[in-house]
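**Q** Spelled out, the chains give:
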Amino acid sequence: MSLSETIAKSYRFFACRRRLLFGLTAVLLLLSAVAFARIRLEANIDAMLPDRGSRVAADFALLQRAPFARKVLISVETEADMDSAVLVAAADRLAAALDPAVFDRVVTGPGGPLQGPLVNWLEGALPSLLTASELQDLAVELDGEGLQNRLQENYEQLLAPQGWALKSLIRRDPLSLYLQGLKKLRHLNMIPQMRLVDNHFVSSDGKSVLLVAETAIPMTDSAGAKTLMASFDAAVAATLPPGIGASLVAGHRYTLANAEAIQGDLWRILAASTLALLILFGCFLRSLQAGYVLLLPLAVVCFSAVAVSWFFAPVSAVTLGFGAVLLGITVDFGLHVYFALRRGGAPPEAIIGELSQPLLFGALTTVAGFAVLLFSDLPGQRQLAVFSIAGIGMALLLSLLVLPHLITAPRFSGKATGSHWLRQVRGQRRLILGVWLLLLVAAGWQATGLVFNGDLRRMSLVPAELAAAEQTLQQRWGDFRSQAMVWTRGEDRDQALAANEQLFALLQQAQSDQPRVSIAPLLPSTAVQQANRAAWQTFWTGPHGQRLLADLRRQAAEMGFSAKAFAPFFDRLSEKPQPVTLEGLRQAGLGDLVDSLILEQGGQVEVLTLVEDHPELAERVESLLPGRAQLVSQAGFRRDISAAISRDFIRFMLSAFLVVILFLALLFRRPVKVLAALVPVVTGLATMFGSMAALGLDVNLFNIIGCILVIGLGVDYGIFMVCKIADDRDCATDKAVLVSGLTTLAGFGALVLARHPALHSIGVTVLLGIGPAIPAALLVIPALYRGDKP
Amino acid sequence: MKKWLYTLCFCALLIWFCLPPLALAESASPDTEVLEELERLSAGIETLSSDFIQEKYLAVFEEVMLSRGRFYFKQPDSLRWELTEPVATGFVLQGDEGRRWHQRTGSEEHFDIDREPIMKIVAEQLFAWAGADFSWLRQNYRIAVEGRAPVRLRLEPLFETGGFLDHLQIQFAASGRHVQIVELHEADGDFTRLRFENTRINQPLTRELF
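Chains B and P, in that order, give the protein sequences.
Numbered per this note's numbering, the first sequence spans residues 1 to 790.
Numbered per this note's numbering, the second sequence spans residues 1 to 210.
No wet-lab data here; the hints were simulated from the structure.
Everything hinted at is true.
Mimicking EDC-like on lysine to aspartate or glutamate, the simulated pairs with C-alpha atoms at most 20 Å apart in a straight line are:
no., chain 1, residue 1, chain 2, residue 2
1, B, 564, P, 62
2, B, 71, B, 92
3, B, 207, P, 112
Because the structure is a prediction, the values reported are computed rather than measured.
Generate coordinates for the entire structure from the input sequences, incorporating the hints supplied.
**A** Below, the structure written as structure tokens:
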């Protein structure tokens with residue numbers, strides 16, 4: 001039994017059992033809705049990033065662990081010529097006013113006066129930190145006049161007002177050895193243009209104070225982001241005087257801006273779409289029964305989401321939102337059924353049976369287009385594929401089995417009506433083909449300039465105000481958030497630190513003048529510490545050290561220092577030096593810094609180094625420390641994902657096209673029919689690419705989805721038109737194709753009005769792709785293909 | 001560095017400079033009356049200048065360290081502190097801006113007290129005293145009047161000093177017009193004595209000094 005007969009038979013079967021049919025349909029939809037309510041949704045960007053162990057996914061995970069990646073940065077700033085103390089005081093008031101329920105922790109500076117505990121720690125740590133080479137340099141520096149100058153400085157400092165404060169330090173360290181340790185501390189300065197003023201982070205121009213806050217609100221939580229921004233704005237209004245402002249930079253702000261833009265877009269798009277659909281309804285449908293057709297996409301959304309949840313956990317909210325919009329295309333199936341039945345000309349079961357084959361193949365080609373996304377590296381695209389396939393499948397079943405029973409067909413009179421459309425088109429054949437060819441040539445020529453852009457930032461809205469805040473932050477504080485990160489790994493801390501030391505040495509050779517952040521100078525591996533301590537003891541018991549100590553005693557006595565003046569220093573030299581530990585660094589007040597550079601989790605230790613980003617460095621670092629170091633950077637990540645998306649784009653386009661051709665070959669079995677059915681797709685894609693290139697629009701992640709939509713829908717139009725011409729039948733196909741295309745333009749094309757780049761991209765793609773595909777189907781196919789009759 | 005040390009240093013200096021002359025008449029009035037009288041009399045001071053001799057009795061030196069220098073203050077926020085012997089060094093503060101020099105090294109540099117925690121504390125204390133903020137003084141020290149002819153004050157810190165500072169002793173000149181001696185006693189037994197001479201109040205100070 002053929003498909004047409006099966007569908008016709010099912011129509012007859014349910015024609016006298018409609019309550020059963022509607023009841024079963026209602027139960028199915030209800031169950032889908034209940035199951036949908038229990039799906040666990042996740043609203044983050046992970047679904048839009050490659051997985052399956054890809055380099056890009058691993059890099060993204062590492063980028064999220066950058067010291068400032070998840071922090072809320074608040075810049076308190078002024079343009080006025082203002083005393084830093086006033087600005088610092090304002091920043092303190094703002095920090096105190098920030099709601100602790102929203103901002104868990106607000107840091108204004110290094111966390112208490114560093115000098116005291118830090119200098120004490122450095123004194124004890126020096127034997128483990130100073131290398132043999134540095135000790136030799138020290139011996140040279142303190143030889144002769146060097147030592148005399150140090151002692152003279154000590155003498156003068158004791159006379160000065162600060163002498164009281166320095167007396168204890170001078171006694172413990174008359175040679176100012178702690179300065180060697182301070183030199184190493186510069187490697188922990190994460191913000192290049194930062195200076196400490198009254199223990200606060202102040203920009204080098206003195207016009208900005210930085211607050212670093214933490215919040216439990218996830219960056220992707222738009223409602224939470226709104227609360228966070230409201231709380232921030234209220235604190236700013238309550239605390240900052242005129243002339244002092246504050247700006248907040250964090251992922252939350254992007255989330256909120258995008259959510260608000262989408263909300264605003266939705267109303268605009270909804271209004272435009274509704275208006276366009278009402279006009280279409282008034283022009284072509286004019287029946288309340290057509291409302292069932294328009295409800296078709298809504299009916300399949302829940303089922304499609306549940307289908308996704310069978311294969312993926314968690315389900316991406318982005319996928320569902322986007323997929324729900326995509327399912328708008330299923331209205332096309334209903335429109336073909338509606339127009340065919342309303343036109344009549346045959347018994348309803350015969351009409352549905354005849355329509356079933358092009359509908360099935362139209363659905364299959366669209367499914368095939370989306371099926372190629374199942375092989376995507378992006379989990380969100382794989383989810384979208386399942387969502388679309390399930391939705392299209394269910395919509396096809398509802399269109400063929402349920403919808404015909406909801407639409408009243410005119411009583412069959414036994415006489416078919418003829419079509420004048422084909423005759424009219426063929427009368428203008430040369431003109432139509434001439435214009436079409438010109439269009440293709442022009443579009444193909446322009447399309448050569450098309451650019452792929454994989455930058456994820458292009459997919460989200462960045463308001464001018466936020467872009468300005470980002471720029472100001474970068475100007476005032478330096479580009480501290482875009483430095484490359486090198487992670488060295490080890491099974492334990494010591495192994496990771498050893499790799500980190502090697503990396504540090506390598507970087508010193510490669511770019512000695514570039515700023516970088518590393519824990520290596522302040523927390524060497526056990527082996528290096530032991531070697532340093534041995535060198536320390538050898539130095540002070542050896543000829544250089546002994547001579548230096550003798551000179552110190554002699555010169556100190558000559559300057560009037562008492563014999564016991566530096567007893568604490570000599571006592572310290574005779575003590576057994578202690579190793580430097582992570583805990584010691586934390587006690588010295590460097591806890592926040594070192595904890596952001598050393599991560600211990602899952603039986604693995606990772607140590608972070610920040611480097612000026614240079615493309616050639618990644619290869620060098622990873623080749624010299626294979627398997628133990630990985631360099632990631634924002635710029636590198638953008639390059640990688642851009643390349644991945646470009647590869648995906650070409651792969652998907654070719655795959656979708658090949659699958660579509662395969663299905664067309666199976667359906668039509670004649671090359672001329674296959675080629676004719678491809679006319680709308682080829683026209684749509686060529687015009688779309690050519691127009692985008694001419695308008696200077698890049699291809700992004702969302703354009704890929706739009707392209708598949710154009711392929712799926714365009715080939716549907718081709719199939720219906722070729723079937724109509726080949727079989728010389730008139731099921732109001734041309735009208736159905738026209739209204740289907742126009743509803744798609746009304747629904748998706750309206751997205752071009754969106755402010756949000758992603759929605760706008762889809763709108764552009766569909767408008768530029770489907771727009772030309774409709775006339776290509778209605779005009780070019782009849783002009784090119786005359787049917788099987790001679 | 002320890003905040004209290006700077007507090008001590010400049011409290012000592014400024015007590016001497018800022019406290020006004022006292023009436024020497026024998027009186028049975030309580031200590032608070034003496035302090036209130038000091039506060040009242042200090043209200044009109046615009047400039048101060050004086051030579052000083054510093055004696056440091058420190059265990060790190062075999063002998064007493066003697067040095068000489070000069071001090072200048074001008075309302076509202078200008079100050080100059082310099083040693084002339086045995087080394088020539090010093091600094092000037094004007095609001096938040098500072099300048100220091102050192103004759104031996106030939107160096108001179110400008111600095112921002114906001115960027116130097118130690119100097120910031122020094123300046124805060126200094127200008128608070130120069131402004132004769134006695135309420136601040138009472139908040140930070142327990143003050144006892146040990147003698148009235150001449151007036152001698154003993155100041156014990158109420159704040160955490162890290163165990164270094166024990167107390168201050170301030171002695172005014174017999175005339176009662178200025179402080180003559182300040183002693184800062186540290187917890188380890190070391191102490192510093194500052195003797196002020198040639199003190200002048202409300203005399204014009206040239207702009208070049210600051």
